[in-house]
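Chains as they are written, first to last, in this note's numbering: chain A, -17 to 277; chain B, -17 to 277.
Be careful, since some hints might not be right.
No copy labels: a pair is met if it fits in one copy or bridges any two.
With a straight-line cut-off of 20 Å between C-alpha atoms, the simulated SDA-like cross-links for lysine to any residue are [unchecked claim]:
#1 Lys(-16) - Arg90
#2 Lys(-16) - Ala114
#3 Lys(-16) - Arg101
#4 Lys(-16) - Ser113
Simulated from the structure, these hints should not be mistaken for lab results.
2 protein chains.
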Amino acid sequence: MKVRDLGEDALVERLLLGLGSGDGVIVGPGDDCAAVQWPGAGGRGKALLLKTDCVVEGVHYLPALEPTRVGRKAMCRVLSDMAAMGGMGRYALVTVMTPRDHTVDYWRAVYRGLERAGRRFGVAIVGGETSASRCAAISVSMVGVVPRSQLVVRSGGRAGDVLFVTGRLGGSPARKHWAFEPRVQAGRWLAEGHFASAMMDISDGLAADLPRLARASGCGYEVGTLPRTPGCTLAQAVGDGEDYELLIAVRPHKADALEQKWKRAFPRLALTRIGNLFEDPSCKNLPTGGFQHFA
Amino acid sequence: MKVRDLGEDALVERLLLGLGSGDGVIVGPGDDCAAVQWPGAGGRGKALLLKTDCVVEGVHYLPALEPTRVGRKAMCRVLSDMAAMGGMGRYALVTVMTPRDHTVDYWRAVYRGLERAGRRFGVAIVGGETSASRCAAISVSMVGVVPRSQLVVRSGGRAGDVLFVTGRLGGSPARKHWAFEPRVQAGRWLAEGHFASAMMDISDGLAADLPRLARASGCGYEVGTLPRTPGCTLAQAVGDGEDYELLIAVRPHKADALEQKWKRAFPRLALTRIGNLFEDPSCKNLPTGGFQHFA
Chain A
-17 MKVRDLGEDA LVERLLLGLG SGDGVIVGPG DDCAAVQWPG AGGRGKALLL
33 KTDCVVEGVH YLPALEPTRV GRKAMCRVLS DMAAMGGMGR YALVTVMTPR
83 DHTVDYWRAV YRGLERAGRR FGVAIVGGET SASRCAAISV SMVGVVPRSQ
133 LVVRSGGRAG DVLFVTGRLG GSPARKHWAF EPRVQAGRWL AEGHFASAMM
183 DISDGLAADL PRLARASGCG YEVGTLPRTP GCTLAQAVGD GEDYELLIAV
233 RPHKADALEQ KWKRAFPRLA LTRIGNLFED PSCKNLPTGG FQHFA
Chain B
-17 MKVRDLGEDA LVERLLLGLG SGDGVIVGPG DDCAAVQWPG AGGRGKALLL
33 KTDCVVEGVH YLPALEPTRV GRKAMCRVLS DMAAMGGMGR YALVTVMTPR
83 DHTVDYWRAV YRGLERAGRR FGVAIVGGET SASRCAAISV SMVGVVPRSQ
133 LVVRSGGRAG DVLFVTGRLG GSPARKHWAF EPRVQAGRWL AEGHFASAMM
183 DISDGLAADL PRLARASGCG YEVGTLPRTP GCTLAQAVGD GEDYELLIAV
233 RPHKADALEQ KWKRAFPRLA LTRIGNLFED PSCKNLPTGG FQHFA
């Protein structure tokens, strides 16, 4: 079977099957980040978050995209994954794969984008490498940190949990796939306040990502209305992807308090109650406006 | 200026210039691994080692190489870097970039190679991702650990230090570029016994790597004889690269004790005294057998 017949998502799932157990592993493959205990630190204290993510020219960005934006995007995608676990990035390693006829100035601009985005969110680039390649790609590996008791995973949701999303969904192809804000402060705040029972970032679109969170939590879901980017159809809001907003499951008795405190903490960022998790895993109600997700 | 005019080594040096400072950074770019303090652990205890490394089809291996060997090589290259800092790998993330017409079985075999090599040396694969790409590549990011007081860097050498190498050099293209043994136990043993004042692994060949260690230590060097792989010329021994043996600088008063204890600890692995570091940085004497290194 070829990769094209299986798809990249199913491929990585198959490759990682049965891996990820080992001393100190708290969260293995299948969540936004891996989480491990720091050897020797015992069961308390802080957990390490580990994540690697690559953007490939022609797949994740067009060759014409300004290189500082390419760098910013590569860094912010990983920051968004850290935020989705309730953590903060700390150290990054950058791998640059480059055709030999790319210019040095191009890569310096990519690095400016990487470095600025990192600095803004407290991440230092501590190493990197370049390799010759026929296609351009940037891979960012990050180590982050989260207090062990505040780690939020995808599988923590329970029947009855209220589903929220930050910001507005849809429109990334036209607008913000390179300019999104990773929800770093919001993710930390939600974890610190123990509001989120489960969380992930919406990178492939709600129609692809909500089923992942629900499945990890062993639940079904029902979604009513959605906060759409102005001008976007419902199909775009659930299907465009690259929103990098947070999808959050919240225990019902905490939902009202969350909404009130959120308004004071993040007056300029929408937080919208979009639905609930349900006990029946076959309950999968998401208004799609005709969007069909082909995995 | 194009990447081809500058070369990948000079490119990464230029890109990383001025980066790598930040809270808790012990070793930034330019060594085998980055080393950072674990936030909140204070100045004592253990350091995290961070490293990412990629192998690209057609650049680091030929398409015909058995996929389990590709995976083994990708994992062992990073283990070798960890060993060169005196540390052990613990957790790895794997990025697979794949053309859509590669087979799923191919990548499963790559993963078997990765996983076996990791397990043998105590490394768990805790996550990964796949991305579509026009060219195949595998990137391994690893987090390792080393007691803070045993961390060995390239810059620790001093004039008078005796230079050693493990094993024998040369012949990798014909023989062992995919079958080398990362010197994990040896690296740990050297660090634990505080024998190594500076250390690195020989990945690009002694003619390229020794000048790096010497420059980092602010020294010159003079090398006499070299332990060659049987059948290899001197030019091959210094120039072939991909030896993944350890190059070690040792304070002169420790050299004899090291040789004696080494024989008991590693009876089947050669350790050869090859020369010395010198105060004059312009002293660069390495028998090359006619080999010329073009950076």
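Each hint, compared with the structure:
1. Lys(-16) - Arg90: This pair counts as between: shortest inter-copy Cα distance 12 Å, intra-copy 36 Å.
2. Lys(-16) - Ala114: For Lys(-16) and Ala114, only the inter-copy Cα distance (12 Å) is at most 20 Å; the intra-copy one is 26 Å.
3. Lys(-16) - Arg101: neither (41 Å within a copy, 28 Å between copies)
4. Lys(-16) - Ser113: between (26 Å within a copy, 14 Å between copies)
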